[in-house]
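Chains as they are written, first to last, in numbering that gives the first Met the number 0: chain Z, 0 to 518; chain Y, 0 to 518; chain R, 0 to 249; chain G, 0 to 249.
Keep in mind that the hints were calculated from the coordinates and are not lab data. Values in this document were obtained by computation on a predicted structure and should not be read as measured data. A couple of the hints might just be wrong.
What the hints assert, rightly or not - The calculated lysine-lysine pairs, modelled on DSSO-like cross-linking and capped at a C-alpha distance of 30 Å, are:
1. Lys491/Y x Lys512/Y
2. Lys178/G x Lys491/Y
3. Lys491/Y x Lys32/G
4. Lys129/R x Lys165/R
5. Lys32/G x Lys135/R
6. Lys374/Z x Lys135/R
7. Lys32/G x Lys374/Z
8. Lys491/Z x Lys32/R
9. Lys129/R x Lys374/Z
10. Lys94/Y x Lys454/Y
11. Lys135/G x Lys32/R
12. Lys374/Z x Lys32/R
13. Lys491/Z x Lys178/R
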Amino acid sequence: MAALNLDEAEVGRARRAAARIAVDTLSQIEGKTTVAVERAVLRLLGVEGMTPEGVPWANRIVDDLLARGLLDRGAAAWFVRTLVSRGDSPAETAKHMALEGLDDEALPEVEPGELRDRMCSLAREGLDRVDRSRGEREERLARLGRGPEPLRYLIVATGDIHEDVVQARAAARGGADIIAVIRHTAQSLLDYVPEDGGIQGVGGTIANRENFRVMREALDEVSEELGRYVFLTNYCSGLCMPEMAVLGAQERLDVMLNDSMYGVIFRDINMVRTFIDQHFSRALLARAGMMINTGEDNYLTTSDAFQKAHTVLASQFINEQFALLSGLEPGQIGLGHAFEISPKVEDSFLHELAQAQMVRQIFADCPVKYMPPTKYMTGNIFQGNVQNALFNAVSVLTNQTVHLLGMPTEAIHTPHVHDRHLSLENVDYVFRAMQHLGEEIAFRPGGRIETRARKVLADAVAMLEEVAGTGLMEAISQAMFADIARTRVGGKGLEGVVEKAEDYCNPVGDLLKEERTAS
Amino acid sequence: MAALNLDEAEVGRARRAAARIAVDTLSQIEGKTTVAVERAVLRLLGVEGMTPEGVPWANRIVDDLLARGLLDRGAAAWFVRTLVSRGDSPAETAKHMALEGLDDEALPEVEPGELRDRMCSLAREGLDRVDRSRGEREERLARLGRGPEPLRYLIVATGDIHEDVVQARAAARGGADIIAVIRHTAQSLLDYVPEDGGIQGVGGTIANRENFRVMREALDEVSEELGRYVFLTNYCSGLCMPEMAVLGAQERLDVMLNDSMYGVIFRDINMVRTFIDQHFSRALLARAGMMINTGEDNYLTTSDAFQKAHTVLASQFINEQFALLSGLEPGQIGLGHAFEISPKVEDSFLHELAQAQMVRQIFADCPVKYMPPTKYMTGNIFQGNVQNALFNAVSVLTNQTVHLLGMPTEAIHTPHVHDRHLSLENVDYVFRAMQHLGEEIAFRPGGRIETRARKVLADAVAMLEEVAGTGLMEAISQAMFADIARTRVGGKGLEGVVEKAEDYCNPVGDLLKEERTAS
Amino acid sequence: MNAKGNTVTAYGDTRGDGAVQLSFTLPMPSGEKARQAALVLTARMGLQDARVVLMDPIDPGFTYFVVYAETRETVDVSTIQVHEVAYEAMEPEEINRFIRETFGRKLVVIGACIGSDAHTVGIDAIMNMKGYDMHKGLESYPEIRALNLGAQVPCETLAARAAEEKADAVLVSQVVTQKNAHLKNLTRLIELLETEGLSEEMVLIVGGPQVTPELAKELGYDAGFGRGTFPGDVASYLVQELADRESRRE
Amino acid sequence: MNAKGNTVTAYGDTRGDGAVQLSFTLPMPSGEKARQAALVLTARMGLQDARVVLMDPIDPGFTYFVVYAETRETVDVSTIQVHEVAYEAMEPEEINRFIRETFGRKLVVIGACIGSDAHTVGIDAIMNMKGYDMHKGLESYPEIRALNLGAQVPCETLAARAAEEKADAVLVSQVVTQKNAHLKNLTRLIELLETEGLSEEMVLIVGGPQVTPELAKELGYDAGFGRGTFPGDVASYLVQELADRESRRE
Ligand code: B12
Ligand code: B12
Ligand SMILES: Cc1ncc(COP(=O)(O)O)c(C=O)c1O
Ligand SMILES: Cc1ncc(COP(=O)(O)O)c(C=O)c1O
């Protein structure tokens with residue numbers, strides 16, 4: 000393998016700084032929960048359904064608790080107390096609470112031991128569903144196998160799940176290993192999951208349980224047809240991040256986009272809210288045996304890919320540490336990387352090669368999701384195919400794990416059925432033609448490629464040590480990532496952050512933590 | 000530079016075998032001339048013009064001599080004797096001989112010394128025109144400079160020289176360094192040069208003096224506009240090979256396609272005829288300071304590019320030796336090489352890389368003309384652009400001299416104006432992105448790439464030694480090149496081969512040889 | 000343009016050949032029937048001599064085609080109505096001087112990416128200091144006060160801020176066009192500005208990769224800018240348009 | 000195919016969207032006028048909602064466009080006439096057995112690349128032992144005598160040899176189509192065969208990358224084969240066509 004001679008000591012320094020950053024950030028959110036985490040817990044306890052106006056019960060219940068200042072004990076406790084007092088099923092209890100509201104005055108206390116037990120057993124049922132999903136994935140994977148790496152990751156984004164299915168099936172037959180259903184443009188800023196699947200999405204399709212199921216079923220079918228397991232991806236991001244984790248984990252999504260800072264930077268979601276939601280979500284995705292994909296690639300759409308390459312690497316270190324602290328195994332941590340240097344830059348291929356190889360080496364046990372050129376794609380679909388070809392070349396040369404296929408029409412529209420077809424042909428050819436190239440070449444020691452990688456690493460170390468000093472939240476306020484500044488008290492969703500009370504309880508979080516330390 | 004560890008001793012063996020092959024072949028044609036060589040000599044002596052029916056005077060005169068069995072003394076002698084006896088100008092003499100026929104009975108002998116002198120001084124005038132052309136090229140090149148290597152070689156082939164000019168100009172402005180005017184499909188089998196420029200070509204444009212001039216003028220204009228000398232290419236091949244050399248040399252073409260075997264194999268032109276024509280042509284092109292391009296790339300259209308790679312290399316050695324023996328400098332010998340392995344072959348890029356680098360190293364002092372994928376191009380113009388991108392990558396990586404731009408529409412039509420535009424964009428980007436990649440990588444010793452190159456070299460050595468044993472003409476009869484068999488007595492144009500008489504004289508050939516050995 | 004005065008047609012390698020390349024997918028299995036269907040569709044476009052050069056099965060239900068054909072249509076360019084945004088390109092210093100001399104005050108320009116659109120790179124390229132491709136943005140013009148509200152700004156917010164700041168110009172960016180999202184957002188904004196009586200007072204400018212001058216006009220904006228716009232283009236247009244309005248008012 | 004029975008149209012990402020991609024060059028400088036001209040040309044093709052996504056100057060006189068647009072045309076596939084060459088695909092052994100049983104003699108097949116066309120790879124792929132993509136050529140069929148005359152064969156030579164050999168079928172290849180060279184050559188050959196009364200006696204087959212079944216019919220050939228033909232396709236068709244003719248004669 001074409002390996003770079005990198006300074007291991009520098010890598011160690013980076014990792015240590017990132018660990019300090021992650022621990023420090025988590026310590027700042029320890030005493031807090033969010034409406035989204037609480038809704039996710041309720042969903043895991045069996046709260047499913049919506050009001051006639053389309054408001055999910057989970058939202059009704061949590062909003063009600065928040066409005067009355069009761070959320071600080073955790074939604075689970077109120078839910079289980081109502082359930083015990085009414086002697087109802089979880090479904091009936093949820094319906095009652097959602098439609099009639101909480102009767103907190105009249106609600107009898109439940110003995111702490113019993114409360115714990117009931118909460119735990121409901122939570123375990125919820126997690127069982129997650130575990131069954133995981134088991135089923137493992138069974139199918141064992142039986143069908145999966146494509147060779149780099150895995151071919153393709154996007155569908157028609158706005159309508161049934162049309163998405165048509166396109167996903169065609170993509171799978173053409174060689175796709177992973178299908179990502181891109182989400183409706185505006186969904187990440189909704190503080191609820193739209194249960195009504197009928198809404199026509201823009202720039203993507205509504206993400207909810209029903210739509211997850213429809214696509215999962217279609218992909219299972221085509222997996223059987225092809226004798227190869229086809230993965231499904233959606234977004235675990237936005238104001239409903241924890242709930243998306245629940246839905247994804249239960250409906251057997253295999254991969255979810257989940258970044259520690261994406262929402263903060265690109266959706267102006269409050270950072271405290273995000274860090275809390277992210278930590279809980281990742282614990283659940285860990286349990287579900289899913290892969291997360293982080294979103295460092297996005298930084299390069301707003302800041303210069305050549306000058307700011309080190310911010311990507313720095314963020315990968317941080318995302319890795321956050322992920323490990325949430326219980327994800329290295330093999331589940333799919334770090335985002337991208338091929339975004341302007342095609343006008345001389346030797347751009349050398350720089351991309353250096354950076355891609357560097358990331359592969361530094362995060363040897365983590366999958367890497369390698370993103371195609373997007374920002375410098377143009378309406379020239381012919382030339383776009385060439386840009387994608389060089390991207391494909393770097394990917395196979397550096398042996399990336401997940402390869403997101405670039406579309407010739409990137410600068411024009413969300414992919415048409417033949418755009419994917421052309422991109423698959425591109426990848427097929429380049430991967431085949433260069434299959435073993437990585438094994439056959441070495442980089443000149445001290446040459447342009449190695450020098451580039453060392454420079455990016457050194458800059459990342461410097462940045463991480465600076466961030467470790469100031470703290471991550473402060474660093475974000477200083478626009479250190481993506482050249483975009485966000486403040487600790489700005490952004491959407493801060494009103495959904497709640498200080499936990501002494502007796503706050505999150506049975507799901509507790510179980511996840513316990514069983515993790517146990518195993 | 001990414002260099003291959005090749006066995007120099009093997010290279011030496013190959014070169015020695017090729018030298019034996021070339022010397023042996025030339026010895027077999029030594030006593031022969033052809034109608035085409037004689038016409039070329041007449042043209043150099045000043046015979047220009049055609050009959051009202053469009054038959055060039057040179058053809059009339061030579062055919063007449065051939066019919067009367069007089070060509071064995073060489074056309075020059077008859078021409079000069081007529082000129083002396085009539086006291087006319089060369090032009091008038093030519094006209095007279097062409098229209099009235101040779102009056103051989105009545106023609107007085109001219110004293111051998113005087114005959115020689117007159118022939119020589121006319122030949123020198125003809126060569127002066129060649130030398131002036133060369134001088135002008137050198138002056139313009141010194142003043143304007145030329146593009147960096149790999150030089151971008153683009154084809155125009157509209158069938159109409161004026162339309163060709165429009166397209167060539169656009170190509171030059173887009174970055175073309177060399178413009179090749181592709182020739183009318185049927186022209187190579189015509190045993191005369193069609194002087195009438197008005198004929199509409201098919202698959203290319205009629206090649207004749209007038210059309211050479213039109214394009215040269217247009218390229219000179221655009222060269223001034225761009226401040227970069229744009230080269231012009233046409234074909235020195237077919238039944239009129241020697242005459243095309245005269246026209247090209249005098250009208251300041253800079254490069255001509257000239258292969259020792261192409262006509263034999265792909266046009267079924269007799270091999271004896273071809274070897275004679277080729278030897279004379281090359282001597283003239285050498286004098287004109289032009290670059291020849293050989294055509295080994297063509298073999299791979301009829302035989303398998305992977306299995307028969309060594310036939311290309313073997314032929315390059317042979318073409319090199321023929322060229323050196325005709326007086327061409329290594330720097331003028333542009334060997335043909337091609338990227339033609341099926342895209343279905345695994346590691347095809349590695350093999351292409353190995354072969355391209357091997358040729359660059361073995362023929363370090365020769366320019367190489369690197370040809371794009373053609374046979375496996377399809378109607379998928381998007382994927383075609385990707386195939387061309389990998390070809391571009393190998394070219395810049397191995398630092399080829401002349402790079403023929405592949406067209407996305409290769410499998411469809413001769414290039415449209417935007418096809419060239421797209422190909423130039425492709426090359427621009429890939430060359431820029433990979434500018435210094437060649438300097439930055441090394442091939443694994445004993446790895447797939449090196450092993451491939453060594454194997455091709457070994458097979459070529461074996462083949463050359465076999466050919467040296469049997470003789471080249473016999474090897475061609477055995478379909479050792481391009482899987483196509485041709486016999487010594489088969490093919491077109493054998494009737495135009497003539498045994499020289501004792502007193503045969505070719506003043507041009509003599510001058511070329513003398514002045515070469517002198518310098 | 001060819002001999003026939005001002006008419007042009009597509010050009011491949013011979014004047015007037017009308018060469019056109021097409022590609023599309025038909026929802027049917029590949030085969031002779033599909034090839035014929037592709038030819039019929041091409042014929043319905045009035046194209047001649049169509050050749051299917053690629054018929055590629057995407058999956059059992061879809062077939063992808065690449066077709067070359069020739070159009071016999073010509074366009075008389077002298078009759079073409081150009082909705083071009085009319086202005087003379089000026090240099091930044093010129094623009095600033097022009098503002099000082101013509102208006103005697105700073106111009107206020109307010110920009111945003113409206114609706115659910117979060118693509119700020121385009122509006123940032125026009126407004127922010129950093130600018131685009133070495134052309135600095137409006138923030139760098141001393142005589143322009145440039146307020147960039149950023150991503151996903153509700154139309155209401157933008158209209159309110161524009162009124163509050165007494166903006167000379169409103170700059171809207173729309174990048175997402177799928178399902179005509181941009182048309183909905185842009186129509187909503189113009190209606191709002193109209194009801195609040197702002198649309199006459201301010202120069203309304205819209206931009207984005209799929210925005211064209213004619214689209215802007217159709218929707219009721221004063222000007223539209225597409226791919227590859229530079230801040231200087233917008234500024235040049237803006238000051239000239241404002242000066243025009245001023246002189247018309249006098 | 001969509002709900003409306005048998006009609007289809009182009010498909011991008013929504014049934015019935017009619018998505019079509021075009022590219023072409025106009026002989027005029029790039030700019031708003033050129034963009035409008037491109038849109039007018041697209042409109043003349045009956046396309047809706049056209050968007051110029053690329054306007055690239057090639058040189059001062061030419062501009063290259065990539066356009067996306069939507070067709071509103073649909074094709075009723077049930078009305079499509081397929082000129083398909085009709086035959087059942089057979090395996091080589093089957094074909095040989097069929098020849099022995101049906102005709103009781105070897106079939107004679109003569110092929111060539113006519114006119115100035117020197118592209119023999121196609122005809123070789125069909126006729127020579129080696130064949131194409133692992134499918135052996137007609138030479139490998141024991142019951143077929145395959146004579147391949149090769150490149151640039153004058154029509155006269157081919158007609159004469161066909162008569163002399165009493166060929167059952169004539170196989171012509173034409174690859175160069177520029178300026179319709181193939182049409183001229185193919186027409187010339189058929190006229191020659193007709194005057195010599197051979198066109199009725201022999202199965203006339205034409206092939207080449209731009210040959211289609213309908214083109215072959217139009218020119219008077221019995222069948223036409225395009226890109227990606229295998230020797231077995233030709234042989235299967237041939238023996239079935241000859242058997243048909245025999246039974247019709249009886
Ligand atoms: C960068 C990018 C992003 C970034 C945006 C970061 C940011 N802060 O802006 C991120 C990663 C966040 C992103 C997300 C999404 N994106 Co996005 N993104 C792009 C991308 C790659 C580049 C856009 C860009 O920055 N171009 C560079 C700028 C400089 O060009 P520009 O915007 O055209 O601006 C110029 C002109 O148009 C003009 N201009 C623009 N605005 C204005 C305004 C005025 C007043 C004036 C005068 C001029 C002007 O001047 C500018 C300079 O010349 C494009 C693909 C592409 N290559 O175009 C997709 C693309 C725009 N995205 C797309 C989509 C669908 C999305 C998502 C909706 C997907 C999803 N469902 O999750 C999300 C959600 C975003 C949202 N809610 O809007 C689609 C849109 C499809 C369509 N036609 O509708 C595209 C085309 C990709 C694709 N093919 O699918 N994206
Ligand atoms: C190889 C090749 C050559 C070789 C030919 C060697 C040889 N002995 O055949 C060489 C290098 C000599 C050559 C030269 C030229 N070529 Co050339 N060549 C090609 C190339 C790269 C591949 C053709 C090929 O071999 N395809 C593979 C075979 C297997 O496919 P096929 O021919 O389509 O055959 C299949 C079917 O069509 C069918 N078929 C074909 N014939 C028949 C016959 C029958 C009876 C049946 C049943 C089926 C059948 O079955 C075959 C197997 O499936 C094409 C570009 C391309 N990629 O297509 C250009 C191409 C065909 N050449 C072209 C040109 C212009 C030329 C020249 C005229 C250029 C010039 N002026 O010098 C010369 C002159 C040749 C001449 N006089 O004809 C153009 C033709 C443009 C046009 N549409 O008119 C092309 C398209 C390249 C281009 N874009 O400019 N060429
Ligand atoms: C990490 C990550 N999360 C989420 C998204 C999608 O955005 P949203 O959360 O707004 O759907 C992206 C977009 O590319 C992403 O990279
Ligand atoms: C070396 C060489 N000579 C000549 C030709 C052209 O053929 P012709 O001589 O028939 O014009 C080619 C075609 O590619 C070639 O490669």
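Do the hints match the structure? See the list:
{"no.": "1", "hint": "Lys491/Y x Lys512/Y", "result": "holds, 28 Å"}
{"no.": "2", "hint": "Lys178/G x Lys491/Y", "result": "holds, 26 Å"}
{"no.": "3", "hint": "Lys491/Y x Lys32/G", "result": "violated, 55 Å"}
{"no.": "4", "hint": "Lys129/R x Lys165/R", "result": "holds, 25 Å"}
{"no.": "5", "hint": "Lys32/G x Lys135/R", "result": "holds, 28 Å"}
{"no.": "6", "hint": "Lys374/Z x Lys135/R", "result": "holds, 19 Å"}
{"no.": "7", "hint": "Lys32/G x Lys374/Z", "result": "holds, 28 Å"}
{"no.": "8", "hint": "Lys491/Z x Lys32/R", "result": "violated, 55 Å"}
{"no.": "9", "hint": "Lys129/R x Lys374/Z", "result": "holds, 17 Å"}
{"no.": "10", "hint": "Lys94/Y x Lys454/Y", "result": "violated, 58 Å"}
{"no.": "11", "hint": "Lys135/G x Lys32/R", "result": "holds, 28 Å"}
{"no.": "12", "hint": "Lys374/Z x Lys32/R", "result": "violated, 40 Å"}
{"no.": "13", "hint": "Lys491/Z x Lys178/R", "result": "holds, 26 Å"}
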